[in-house]
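My request is simple: use the sequences and hints to build the entire structure.
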Amino acid sequence: MEALRPAAAAAAVPVVSSPDPRLSISTRSRLASFGRTQLGFAPGIRARPVGRDRSGDGARRNGGKEWRRRRHQQEARCTAEGIERGLLFGDRGGRVEAAEDAVGAVPERFKVVALMACAMCLCNADRVVMSVAVVPLAARHGWSTPFLGIVQSSFLWGYVFSSVIGGVLVDKYGGKRVMAWGVALWSLATLLTPWAANHSTVALLAMRAFFGLAEGVALPSMSNLSSRWFPSHERASAVGISMGGFHLGNVAGLILTPLMMSSVGISGPFLLFSSLGLLWLMRWANGVTNHPRESRFVGASELRLIEDGKSNAAVGNGEIPSIRVLLSKPPALAIILANITNNWGYFVLLSWMPVYFKTVFDINLKNAAWFSAVPWGTMAVSGYIAGAASDYLIKAGYSLTLVRKVMQSIGFIGPGIALLCLNYANSPAVASLFITVALSFSSFSQAGFLLNIQDIAPQCAGFLHGIANSAGTVAAIISTIGTGYFVQWLGSFRAFLTVTAALYFVTTIFYNLYATGDRVF
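Under my numbering, think of the first position of the sequence shown as -14, with each following residue one higher.
Calculated directly from the structure, the hints in this document are not laboratory data. As the structure is a computational prediction, the values presented were derived from the model and not from experiment. Certain hints may be false.
[To be verified] Restricting the straight-line Cα-Cα distance to at most 25 Å, the calculated cross-link-like pairs of lysine to aspartate or glutamate (DMTMM-like) are:
#	residue 1	residue 2
1	LYS96	ASP503
2	LYS96	ASP293
3	LYS96	GLU292
4	LYS157	ASP293
5	LYS157	ASP347
6	LYS157	GLU279
7	LYS96	GLU287
8	LYS343	GLU287
9	LYS343	ASP503
10	LYS96	ASP347
11	LYS314	ASP503
12	LYS380	ASP293
13	LYS380	GLU287
[Stated by the list, open to error] Okay, the calculated beta carbon distance ranges per label pair:
#	residue 1	residue 2	range
14	THR130	ARG289	53 to 61 Å
15	ALA414	TYR499	33 to 41 Å
16	VAL491	TYR409	21 to 29 Å
17	GLY272	ARG504	28 to 36 Å
18	ILE348	ALA99	18 to 26 Å
19	PHE495	LYS380	24 to 32 Å
20	ILE494	TYR158	34 to 42 Å
21	LEU312	ARG281	39 to 47 Å
22	LEU387	SER247	34 to 42 Å
23	ARG162	VAL415	42 to 50 Å
24	ALA373	ILE494	25 to 33 Å
25	ASN183	GLY272	36 to 44 Å
26	PHE495	ILE308	13 to 21 Å
Note that beta-carbon positions come from the ideal geometry of N, C-alpha and C, so glycine has one too.
Here it is as structure tokens:
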């Protein structure tokens, strides 16, 4: 060890001239191992005598004072040497491993996923505000039902383009920076939406499209950060927590928007959620890095846990495959079709539920918001349950392919059956129950196709996610606008709910035939 110790460090830190002969062989090998791995050295490692210390035994027999004095000196030597080695072998980014694993400290990856969940909550809350505010706006401006669908879908016009662009940016620059810019821009768009609505319909549609352009980077960023910050056996739970925040954003938006509008006016909820976005941005900028290796708050043991748990770490030349190559692989097509179906059903329920309860059951806007909010709250819980169950099955030894297919089947067959039953609901309580069942089961697809993106394409996950999201966004635009025309044409929601259920069933069959958990790209 003397050969490794620089002169300056030797002068600054008191050390012993040779290893203590009483240190066990296993203890010395651990010290050498820490030096070799360059992950630092934890302080306070105490030497354990191998043989019998006769003088120590005598000291204990004579009252123990001399024994305690010698033990204290021994511990001081080991502690000093541990601090010195931590300075010698400290990790990148200024992380000093001498204080790596404080007792009771919250692992850094849990703080990261909590901030991601907050970002996803704001993402959906800002989006849902318009689903509620559109009712009084339609009454004020005399919008027809088909045009109301156009307003509802306008944010998807920007979203469809930013998904692919955002995915490429995430693969190149990492999720932290892209997510930060996304939240900043969509918070600004949320703040300016009431002004645009008062100015003109064209300005409102343009502002909503810009809002969607900014929000399109959220899911690729979340997927990228989850894959970097969590080992494979924890990734489903991490995505479940993040998407739980996404679904709770629906609850927050649907409940708080009518309350804020009744007390402050239409601009109230837009001002509230845009301000929360700026507050989140300040915490995100100083507390998150693209990769745990870059964080000075991550201890060596947590970093080893994350790195050792990545069975599909990206390898290769770093080139992103072309769209033609991606579309030539059936597993990628299975993911894209699953995202199309998921977005189709999701945005029908998200955009039209307040209108559905008011139109079909003639209840006021506040009560309609409450009936619409309850299903999203349960979806947040069921999404985490799906993630935890998925991680448990993987740890138990089940193949990744089987787990993804089981979760995806639950995530589509359950909603399909529930939507068929919704056609026969005769009260708002029963309708809310069926919608709750549909959304609760649909959250299982988060542990299906959403995680499957990282399985088959760890090196270009952002790009594949962006393509799948763009295709899903086109489907969401068609379903959101199509619902309005169907309702005007047929006078009810029944036909469109049946079409959506059939799409769920067909996609489930395709996914089970062609999906895989093995790496493809």
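So, going through the hints one by one against the coordinates:
1. LYS96 with ASP503: violated (30 Å)
2. LYS96 with ASP293: holds (20 Å)
3. LYS96 with GLU292: holds (18 Å)
4. LYS157 with ASP293: Given pair LYS157, ASP293 holds - Cα atoms ~23 Å apart, limit 25 Å.
5. LYS157 with ASP347: violated (50 Å)
6. LYS157 with GLU279: holds (16 Å)
7. LYS96 with GLU287: holds (13 Å)
8. LYS343 with GLU287: This hinted pair is violated, its Cα atoms lying about 51 Å apart.
9. LYS343 with ASP503: Violated. LYS343 to ASP503 sits at ~47 Å, over the 25 Å cutoff.
10. LYS96 with ASP347: violated (44 Å)
11. LYS314 with ASP503: At roughly 12 Å apart (the allowed maximum being 25 Å), ASP503 and LYS314 satisfy the hint.
12. LYS380 with ASP293: holds (14 Å)
13. LYS380 with GLU287: The hint holds at about 19 Å.
14. THR130 with ARG289: 53 to 61 Å: holds (58 Å)
15. ALA414 with TYR499: 33 to 41 Å: holds (40 Å)
16. VAL491 with TYR409: 21 to 29 Å: holds (22 Å)
17. GLY272 with ARG504: 28 to 36 Å: holds (32 Å)
18. ILE348 with ALA99: 18 to 26 Å: violated (35 Å)
19. PHE495 with LYS380: 24 to 32 Å: holds (28 Å)
20. ILE494 with TYR158: 34 to 42 Å: holds (38 Å)
21. LEU312 with ARG281: 39 to 47 Å: Because 42 Å falls inside the window, the suggested range holds.
22. LEU387 with SER247: 34 to 42 Å: At 50 Å between Cβs, range violated.
23. ARG162 with VAL415: 42 to 50 Å: holds (47 Å)
24. ALA373 with ILE494: 25 to 33 Å: About 27 Å separates the Cβ atoms of ALA373 and ILE494, which means 25 to 33 Å holds.
25. ASN183 with GLY272: 36 to 44 Å: Check passed, 37 Å falls within 36 to 44 Å.
26. PHE495 with ILE308: 13 to 21 Å: holds (20 Å)
Violated hints, in rising order: 1, 5, 8, 9, 10, 18, 22; the structure is consistent with all others.
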